[in-house]
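Visitor: One-letter residues, chain by chain:
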Amino acid sequence: DVKVTQSSRYLVKRTGEKVFLECVQDMDHENMFWYRQDPGLGLRLIYFSYDVKMKEKGDIPEGYSVSREKKERFSLILESASTNQTSMYLCASSSIAGRETQYFGPGTRLLVL
Amino acid sequence: AQKITQTQPGMFVQEKEAVTLDCTYDTSDQSYGLFWYKQPSSGEMIFLIYQGSYDEQNATEGRYSLNFQKARKSANLVISASQLGDSAMYFCAMRDALSGANNLFFGTGTRLTVIP
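In order, the protein sequence lines correspond to chains X and C. The letter at position 63 of the first sequence is residue 63 when you use our numbering, and the numbering goes up by one with no holes. One rule links them: number in our numbering = place in the second sequence (from 1) + 1000.
In case anyone wonders, no lab produced these hints; they're calculated from the structure. Incorrect hints may appear among the rest.
[To be verified] Taking lysine-lysine and the DSSO-like style, the derived pairs with C-alpha atoms no more than 27 Å apart in a straight line are:
1. K3/X <-> K57/X
2. K55/X <-> K1003/C
3. K57/X <-> K71/X
4. K57/X <-> K1003/C
5. K71/X <-> K18/X
6. K1073/C <-> K1003/C
[To be verified] Computed footprint of chain X on chain C; a stretch qualifies when at least three of its residues, placed anywhere within it, have a C-beta under 8 Å from a C-beta of chain X:
7. 1035-1045
8. 1106-1113
Where a beta carbon is used, it is the ideal one built from N, C-alpha and C, also for glycine.
So that you can see chain C by itself, here it is in the shape it has in the complex:
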């Protein structure tokens, strides 16, 4: 079974609007971490935000926030006030205790396009 599922291959958002990128995960472990990365056309993976399974508050980093719903096993990324530079691929990833050595499981990604 897929550990990480991103069901949106592509998303469009108007500049200055907010957008939510979906991510669901599957693990039987109680202790795990969820990550979001951004990959611009240059290719480098840029870490955006982290949520631990025991964190009580949803993670926020500037314009990025993570809508963590543990019972639903979802960890959606919300980008507020979209900018043209936000156009990129976005990957959700998970690390659980079963994977060892800090291995990450990645979803297939969502390509976000910000429209001027």
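Only chain X is shown next, with the shape it has when bound in the complex:
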């Protein structure tokens, strides 16, 4: 079974703090993704990566950066957290096969005070 894990289920941070969200997958997937989920807006793509050290902006990259130094790990970084970044963050991974779905981690609920 595919397993995608995220470093924290719940996180509380203060405005201006630097925040790291870690995601690890164990299926040797090439692609990894970071989404944020807000009520009424569904999932919106922040960044994705299709290979080590490669990254591409998604729909809402402002205020975020990412790092992929190893194939299995994809980190989301909030350089200076703001209250409007309070959200649910979901990591996903997939292979490059055509019919392959994305597999999601359990999510991190981030509260920025």
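Since chain X is already given, all that's left is putting chain C on it; use the hints.
Guide: Same frame as chain X, now just chain C:
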């Protein structure tokens, strides 16, 4: 324009009844894939079912089936014999060749509540 539209913010269904969750999509690509995910209150997104644009048969997975109407650009999820554990958010998503790297576009979701 929205790539995926789910017009039902919330739905109720009686236990053991069937329910249809609507999804319409928009793409100019001929090759695309449609997905449905379930998100319980725990937060994890669970993959339910997949339909490829060239698949001739509607996809089925146990109690889940996808009513794929290509000309109407709709991909409705049908859940038969609803169970209390089906209460969750349901998201429709699409991947097309234009998006690259297997990116998915998600709808805003439908919250399904199963009534005992």
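Visitor: Which of the numbered hints are not met once you compare them with the structure shown?
Guide: Those not satisfied: there are none.
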